[in-house]
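Please model the entire structure based on the sequences and the hints provided.
Spelled out from the first residue to the last, the chains are:
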Amino acid sequence: MHFEPNSGDGAFRAEVREFIRQHLPPDMARRSYICSQPPDIEDFRRWQGILHDRGWGAPHWPLEYGGTDWTAMQRHIFMEEIYRADAIDYGWQGTHMIGPVLIAFGSQAQKKRFLPPMLRGEEIWCQGFSEPNAGSDLASLRTRAELVGDEWVIHGQKIWTSDASEADWGFFLVRTDPEAKPQRGISMLLVPMNAAGIRIRPIEALNGGRDLNEVFLDGVRVPCENLVGEPGKGWTYAKYLLEKERTASAYLYRNKRELEKAKQIARAEHTAGMRLIDTPEFARKIARVEADLLALEWSVLRILAGEKNLHDADAVVSALKIRGSEMQQRVAELQLDALGPRALRVFDQQDRSAEVIEGTPLWPSYVPGRLGQFLYARAATLYGGTREVQKNIIARRAFGL
Amino acid sequence: MDFNLTDEQEMLREGARRFLREHYGFEQRRAISAHLPGFSVECWNSYAELGWLALGQPEDAGGWTCSFVETAILMEEFGRALALEPYVSTAVLCARILERCGNVEARRSMLTAVVEGKVRLALAHQEPGGRYDARPISVVATRSGDDFVLQGWKSGVLDAPAADHLIVSARLEGEENPALFLIDAAAPGLRMNAYPLIDGTRAADVGFEAVQVSASCKLAEGSVVDELLQEALDRATLARVAMALGAMESVVQLTAEYLQSRVQFGQPIGRFQALQHRLAEMFVEVQETRSILYCGLAHVDAEAAQRSAMVSAAKYVTANAARIVGSQAIQLHGSIAMTAEYAAGHYYKHLFAFEKIHGDADWHLDRFARHAAV
Ligand SMILES: Cc1cc2nc3c(=O)[nH]c(=O)nc-3n(C[C@H](O)[C@H](O)[C@H](O)COP(=O)(O)OP(=O)(O)OC[C@H]3O[C@@H](n4cnc5c(N)ncnc54)[C@H](O)[C@@H]3O)c2cc1C
Chain A
1 MHFEPNSGDG AFRAEVREFI RQHLPPDMAR RSYICSQPPD IEDFRRWQGI
51 LHDRGWGAPH WPLEYGGTDW TAMQRHIFME EIYRADAIDY GWQGTHMIGP
101 VLIAFGSQAQ KKRFLPPMLR GEEIWCQGFS EPNAGSDLAS LRTRAELVGD
151 EWVIHGQKIW TSDASEADWG FFLVRTDPEA KPQRGISMLL VPMNAAGIRI
201 RPIEALNGGR DLNEVFLDGV RVPCENLVGE PGKGWTYAKY LLEKERTASA
251 YLYRNKRELE KAKQIARAEH TAGMRLIDTP EFARKIARVE ADLLALEWSV
301 LRILAGEKNL HDADAVVSAL KIRGSEMQQR VAELQLDALG PRALRVFDQQ
351 DRSAEVIEGT PLWPSYVPGR LGQFLYARAA TLYGGTREVQ KNIIARRAFG
401 L
Chain B
1 MDFNLTDEQE MLREGARRFL REHYGFEQRR AISAHLPGFS VECWNSYAEL
51 GWLALGQPED AGGWTCSFVE TAILMEEFGR ALALEPYVST AVLCARILER
101 CGNVEARRSM LTAVVEGKVR LALAHQEPGG RYDARPISVV ATRSGDDFVL
151 QGWKSGVLDA PAADHLIVSA RLEGEENPAL FLIDAAAPGL RMNAYPLIDG
201 TRAADVGFEA VQVSASCKLA EGSVVDELLQ EALDRATLAR VAMALGAMES
251 VVQLTAEYLQ SRVQFGQPIG RFQALQHRLA EMFVEVQETR SILYCGLAHV
301 DAEAAQRSAM VSAAKYVTAN AARIVGSQAI QLHGSIAMTA EYAAGHYYKH
351 LFAFEKIHGD ADWHLDRFAR HAAV
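Protein chains in written order, with UniProt numbering: chain A, 1 to 401; chain B, 1 to 374.
Worth flagging that the hints you see were computed from the coordinates, not collected in a lab.
Think of the CB as a built atom: it goes at the ideal place given N, C-alpha and C, for glycine as much as any other residue.
Only true hints are included.
Some, not all, of what chain B presents toward chain A, calculated at C-beta under 7 Å:
no.	residue
1	R131
2	P196
3	I198
4	Q264
5	Q331
6	G334
7	M338
8	T339
This is the structure we're talking about:
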């Protein structure tokens with residue numbers, strides 16, 4: 001074992017930091033500070049374009065598809081810097097999810113058609129997996145597609161489709177063989193979101209956001225070449241996609257940045273004439289979160305460094321997801337605890353600027369957005385496989401239970 | 001000891017539960033919440049007719065003299081329904097200050113108006129950045145002949161936007177102790193920036209720009225002010241504990257019903273032991289909350305130090321329970337609870353707000369520790 005970082009990593013970090021400093025528009029950084037999750041779609045498009053121009057549109061892709069040949073550690077450093085600067089993370093559904101699947105299983109034509117605009121941020125993707133009666137039990141999904149001539153005709157309903165109303169394309173899991181065993185009869189289709197027969201209903205979320213949607217598919221037709229890989233293999237691709245970025249589920253970079261924000265608030269807020277951060281109680285509260293976050297960081301580093309783990313890889317990733325999603329909730333809670341009574345005010349989507357009235361900072365600039373993010377964080381233990389489902393995976397994969 | 005309700009108390013509870021079931025269903029509440037003033041004036045009027053605004057008020061103001069238990073019973077039902085009316089601000093917090101203040105005329109006229117449902121009141125005490133240790137520092141009352149002129153800002157004043165009068169704490173220029181004033185919300189120079197809070201209620205930042213206040217509006221001054229405020233705030237806190245209890249009980253029930261009906265993997269998810277245990281943990285929290293509420297109620301008229309300590313214990317225990325119950329309710333429901341169209345998330349929001357109002361869990365734990373350590 002040795003714990004020293006590689007010699008070039010410092011210079012790499014400096015290069016990334018300098019690039020972001022020069023190219024990240026401050027207004028975009030402010031919006032992202034306020035509401036980092038999910039990012040503003042227009043900002044996302046612009047920022048993806050900026051990164052792509054530098055050749056960093058998808059660092060985790062192979063070089064030949066426009067990625068980089070960075071080491072795992074360099075990618076780690078890159079993401080740290082992205083979050084540290086309140087820049088925008090990559091589109092999860094695009095470069096993180098469907099991109100790698102197309103690279104691994106897509107046809108040449110699909111790669112040529114879809115990867116370049118994805119890299120440039122010109123086409124936004126959404127993920128149509130969940131259905132009203134197929135949440136944790138995803139294999140019970142009922143949306144079906146039938147080959148009629150050389151077109152797939154799709155009927156059914158999806159729910160919780162993030163960004164569906166802003167997306168250009170969606171990758172959908174559909175049942176193409178009703179006779180086969182539940183998981184074997186599922187295929188993956190690429191669907192333009194403006195296709196005839198698609199109806200999208202935004203769902204108002206608890207924090208007022210409208211990024212979740214119901215998607216109704218009523219006789220939607222797509223050409224047969226929009227099938228990913230082979231029919232009946234959709235389940236395999238979905239698993240591949242969900243496990244692709246194994247350390248991403250720790251939300252490490254977000255958690256570190258959000259902890260910074262919590263500390264920033266605790267430095268600015270006062271109680272009984274003291275800075276909140278200087279009170280032993282709150283200092284300890286921060287310390288508890290910080291220590292747990294350090295453990296999570298080193299869990300990520302162990303995976304990045306390619307440690308041979310005793311246990312099944314899926315179980316290890318599930319552990320990351322459980323802890324990483326819980327940390328999101330704890331860090332958000334820490335922020336609101338630091339805000340005290342200020343935490344209760346709802347700022348609507350437009351009214352995000354802080355109010356300073358006659359020299360009295362009634363609402364300092366670190367207040368707007370925190371409550372909304374806190375509410376959103378409750379979803380972290382639900383999406384991408386609920387905490388309970390992750391625990392089931394651990395019990396099964398690590399211990400054969 | 002007898003923890004069972006008397007027949008009258010039972011009737012109060014049944015009446016409240018029935019009324020709120022009929023007038024405060026989830027969809028009705030959503031509609032009420034969507035429009036200003038953010039609560040139902042109709043319901044408010046009914047509360048007056050039903051005598052609920054008279055609970056615990058002095059007889060000479062038309063009140064119904066009874067113990068604080070009755071208030072707690074009613075508040076539990078309000079919590080169950082997530083009622084939005086400014087009951088605590090008006091009929092518990094401000095009414096109590098008025099009842100015990102030295103201004104006889106203000107006490108009589110205002111309390112009568114409260115009982116009749118004619119006024120709504122809000123306490124403007126918290127200041128910008130002052131967290132929970134608000135001592136009036138920025139709002140200053142300057143003498144001007146017999147009268148006063150108020151200057152400064154209050155922040156996060158609960159239920160202020162729809163209040164007819166505010167009780168305002170202010171530093172008397174040149175003196176050590178603060179004073180309390182009753183101020184018409186429409187007074188010239190009074191500025192109100194209103195906004196919604198997470199639980200659907202409304203609050204405001206209130207600015208005083210040379211607001212003229214006549215001497216007759218001074219409710220109290222000197223060393224009594226702190227105790228007056230503290231006692232009333234303790235009762236308001238306890239009323240909110242009772243609301244939180246009702247909200248928790250209700251959301252646990254909702255969750256149990258959901259676990260029975262939601263099918264995944266070919267069976268109701270309530271068959272999974274992992275979820276049964278979560279539900280059981282929520283149940284334990286609710287049981288403890290009811291117990292600590294009773295402990296608080298038993299001490300509501302105790303001497304100041306003990307009363308405050310017990311109220312703090314109640315707030316702290318309930319705040320912890322509220323976090324656990326609220327977040328588990330969302331987790332057990334899955335994504336449906338993340339939507340504004342479903343009730344579970346609204347309980348979560350209410351319970352979250354509860355924790356941050358009138359002192360958060362840390363603040364109350366500290367206050368309790370000061371008592372427990374000696
Ligand atoms: C913000 C957000 C964004 C999302 N984005 C997308 C998206 O873009 N695309 C998409 O397809 N989906 C998306 N989802 C959906 C998400 O993946 C599902 O909601 C999730 O899989 C859970 O399904 P469910 O909500 O139906 O809960 P259910 O499956 O009904 O679960 C309810 C409860 O039962 C528990 N449970 C279920 N099965 C078991 C078991 N076997 N053992 C123990 N406990 C169990 C769960 O853990 C949960 O606590 C998103 C959800 C959210 C909240």
